[in-house]
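Residue numbers (the numbering used here): 2 to 229.
No lab work stands behind these hints: they were computed from the structure. Note that the coordinates shown come from a computational prediction; the quantities given were computed from them, not determined experimentally. Hints should not be assumed to be uniformly reliable.
[Stated by the list, open to error] Below, a list of computed lysine-lysine pairs in the DSSO-like style, where the Cα atoms sit at most 27 Å apart: (1) K29 / K121; (2) K213 / K121; (3) K215 / K121; (4) K29 / K213.
[Unchecked claim] Label pairs and their computed distance ranges (CB to CB): (5) S23 / D70: 21 to 31 Å; (6) L45 / M182: 16 to 26 Å; (7) D46 / D171: 37 to 47 Å; (8) K121 / D40: 16 to 26 Å; (9) P17 / R189: 26 to 36 Å; (10) D40 / G117: 17 to 27 Å.
Beta carbons are placed, not taken as given, at the ideal position from N, Cα and C, and that holds for glycine.
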Amino acid sequence: MSNGDVATPAASRPDPRDLRCSDSDREKVAEVLRGALADGRLDLDELSDRLDRVYAARTYRDLEPIVSDLPSAGGSPLPAVQPGAAPLPRAGAQSSALDRVGGAPSSTNAVAIMGGTTRKGAWVVPSSFSALAVMGGVELDLREARFETRSVTINAVAFWGGIDITVGPDIRVLVDGVGVMGAFDGPRDAVDDSGVSVRVTGLALMGGVDVKRKEATGNASGSARLEP
Numbered sequence: 002m003s004n005g006d007v008a009t010p011a012a013s014r015p016d017p018r019d020l021r022c023s024d025s026d027r028e029k030v031a032e033v034l035r036g037a038l039a040d041g042r043l044d045l046d047e048l049s050d051r052l053d054r055v056y057a058a059r060t061y062r063d064l065e066p067i068v069s070d071l072p073s074a075g076g077s078p079l080p081a082v083q084p085g086a087a088p089l090p091r092a093g094a095q096s097s098a099l100d101r102v103g104g105a106p107s108s109t110n111a112v113a114i115m116g117g118t119t120r121k122g123a124w125v126v127p128s129s130f131s132a133l134a135v136m137g138g139v140e141l142d143l144r145e146a147r148f149e150t151r152s153v154t155i156n157a158v159a160f161w162g163g164i165d166i167t168v169g170p171d172i173r174v175l176v177d178g179v180g181v182m183g184a185f186d187g188p189r190d191a192v193d194d195s196g197v198s199v200r201v202t203g204l205a206l207m208g209g210v211d212v213k214r215k216e217a218t219g220n221a222s223g224s225a226r227l228e229p
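When you get a sec, could you build the whole thing from the sequences and use the hints?
This is the structure:
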């Protein structure tokens, strides 16, 4: 080793857990907690307490203990990508829905209680997905998503809240939910097995579930609403 070369002692290298976490990292952990509430692993008081700790966290080390006792978190502050998942498309990439079939979903629900949550971009939609909005809002954008199977069912429940679902022009949609002092609106295509089909069912109680068809985000031609 020359005199100008200085080895960096291993002890001086920063522990990855001491690195600063981002807003995106915090939101991923918050999604794990909301999913734990939906699964009955946490109650509302525990969720509120842990969310306060999440949004106050500065490093990955701060995030770790918040989710260490939740199976879905795997002891890591960030949900791990499941092995064997099909590669995700680049954001904005144009492809048909059939080209995007295959992959392992990282979550099966989206929960918004007095807040908001979003699924968009290159995520994997499971064959059965649940969305719950209680005095909050859920946004599901399927235009760039992959699909675990060619037939998907989304169970949407909105109570004093709203759930907005956006699909691309290449997806067949059937909306058959019920609105009680609320609205459950969207396309009612004839679902067949020639492509990807999405069924949206559930309940809008003093709230709203709205399914819209729009062009992919990379298409500059805009969007068009398909009326029932």
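Quiz item: When you check the alpha-carbon spacing of K213 and K121, does it fall within 27 Å?
Solution: Judged against 27 Å, a Cα distance of about 14 Å means the pair holds.
Self-check item: Satisfaction of the hinted span 26 to 36 Å by the C-beta atoms belonging to P17 and R189
Solution: Violated: the Cβ-Cβ distance is about 50 Å, outside 26 to 36 Å.
Quiz item: Between K29 and K121, is the straight-line Cα distance small enough, at 27 Å or below?
Solution: holds (13 Å)
Quiz prompt | L45 versus M182 beta-carbon gap, inside 16 to 26 Å or not | solution = holds (24 Å)
Practice problem: State, for the Cβ atoms of D46 and D171, whether the hinted interval 37 to 47 Å holds or is violated. | Solution: holds (44 Å)
Quiz item: S23 and D70, beta-carbon distance inside 21 to 31 Å?
Solution: holds (23 Å)
Quiz item: Does K121 lie within 27 Å of K215 when you go C-alpha to C-alpha?
Solution: holds (14 Å)
Quiz item: Falls inside 17 to 27 Å, the C-beta gap from D40 to G117?
Solution: holds (20 Å)
Exercise. Could you tell me whether the CB distance from K121 to D40 stays inside 16 to 26 Å?
Key: Given a distance of about 23 Å, which is inside 16 to 26 Å, the answer is holds.
Quiz prompt | Pair hint outcome, K29 versus K213 [Cα-Cα no greater than 27 Å] | solution = holds (26 Å)
The structure fails hint 9 only (numbered hints given earlier).
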